[in-house]
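*Asks:* Using the sequences and the hints given, assemble the complete structure.
Taken in order, these protein sequences are the chains called E and V.
With my numbering applied, the first sequence covers 1 to 131.
With my numbering applied, the second sequence covers 1 to 131.
Please note: incorrect hints may appear among the correct ones.
[Unchecked claim] A short, non-exhaustive set of chain V residues, derived as facing chain E with CB atoms under 10 Å:
(1) Ile38
(2) Trp42
(3) Lys73
(4) Arg82
(5) Ala95
(6) Ala96
(7) Leu99
Since the hints were derived computationally from the structure, they do not count as laboratory data.
Where a beta carbon is used, it is the ideal one built from N, C-alpha and C, also for glycine.
2 protein chains.
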Amino acid sequence: MSDRDNVLAANAAYYAAFVRGDYPAMEAVWADADITVIHPGWALIEGRADVLRSYRLILDNPDQEPVLSSREKVYLMGEYARVLCIETVGGGALAATNLFHRTLEGWRLIHHHASPIVQPLPRAQPTRQLN
Amino acid sequence: MSDRDNVLAANAAYYAAFVRGDYPAMEAVWADADITVIHPGWALIEGRADVLRSYRLILDNPDQEPVLSSREKVYLMGEYARVLCIETVGGGALAATNLFHRTLEGWRLIHHHASPIVQPLPRAQPTRQLN
Numbered sequence: 001m002s003d004r005d006n007v008l009a010a011n012a013a014y015y016a017a018f019v020r021g022d023y024p025a026m027e028a029v030w031a032d033a034d035i036t037v038i039h040p041g042w043a044l045i046e047g048r049a050d051v052l053r054s055y056r057l058i059l060d061n062p063d064q065e066p067v068l069s070s071r072e073k074v075y076l077m078g079e080y081a082r083v084l085c086i087e088t089v090g091g092g093a094l095a096a097t098n099l100f101h102r103t104l105e106g107w108r109l110i111h112h113h114a115s116p117i118v119q120p121l122p123r124a125q126p127t128r129q130l131n
Numbered sequence: 001m002s003d004r005d006n007v008l009a010a011n012a013a014y015y016a017a018f019v020r021g022d023y024p025a026m027e028a029v030w031a032d033a034d035i036t037v038i039h040p041g042w043a044l045i046e047g048r049a050d051v052l053r054s055y056r057l058i059l060d061n062p063d064q065e066p067v068l069s070s071r072e073k074v075y076l077m078g079e080y081a082r083v084l085c086i087e088t089v090g091g092g093a094l095a096a097t098n099l100f101h102r103t104l105e106g107w108r109l110i111h112h113h114a115s116p117i118v119q120p121l122p123r124a125q126p127t128r129q130l131n
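*Replies:* Right, dumping it as structure tokens:
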């Protein structure tokens, strides 16, 4: 498989872990050190212990909707790669930055940042002035 | 200067261009190729022409508030580096991911992703049931 295919497979593994609520799979997606995450609306979380604790909370939340990925764009950067994709969560769309590092065990996630895309509203009719 | 110092200087140059509304300086901050941006609430923009056009719109907007950076965390990754920081814009706080590449001309921005941090609300009093 090409680097691009392997990076896309690592990206898919992240979202598969989310959809299955599979915490051990989520642990395996992430690199061992120097990892960071910015969840939608959250501030930065640093370090494997705190990053994985945040995923434990999210995956344990019975109201968490599945997170699906689409429109993946891959940028290869030597030993690093970023995937920029659309996440669909409960009818909403988010833009995601996923940064991967090629380790001895394969491509591992080192940074994730996701944020809601504000959808354009349909063109509004001007409010009629009553006076 | 260390790599860390140079990366922080490149990050500072990005925000300085914003505060001054300095479009040529903003052009100089970005790498020549394979650049991408996710502005707050926006979908992904790819390629130097479209990325810079988005900054032209933002910098030309007379209502654009200055964007200030604080709490920079630097992660060096060989020829790449990411800076994770807080942006303060008009009283609101955003979390930013800034990805840099070491080029022959120095560290240049290749990806920017910023998203609002939802501040925790003060603890609410439960609404009293009237029936």
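*Asks:* Against this structure, judge whether each hint is valid.
*Replies:* Results of checking the hints against the structure:
no.	hint	result
1	Ile38	holds, 5 Å
2	Trp42	holds, 7 Å
3	Lys73	holds, 7 Å
4	Arg82	holds, 6 Å
5	Ala95	holds, 5 Å
6	Ala96	holds, 9 Å
7	Leu99	holds, 7 Å
Checked against the numbered hints above, the structure breaks none of them.
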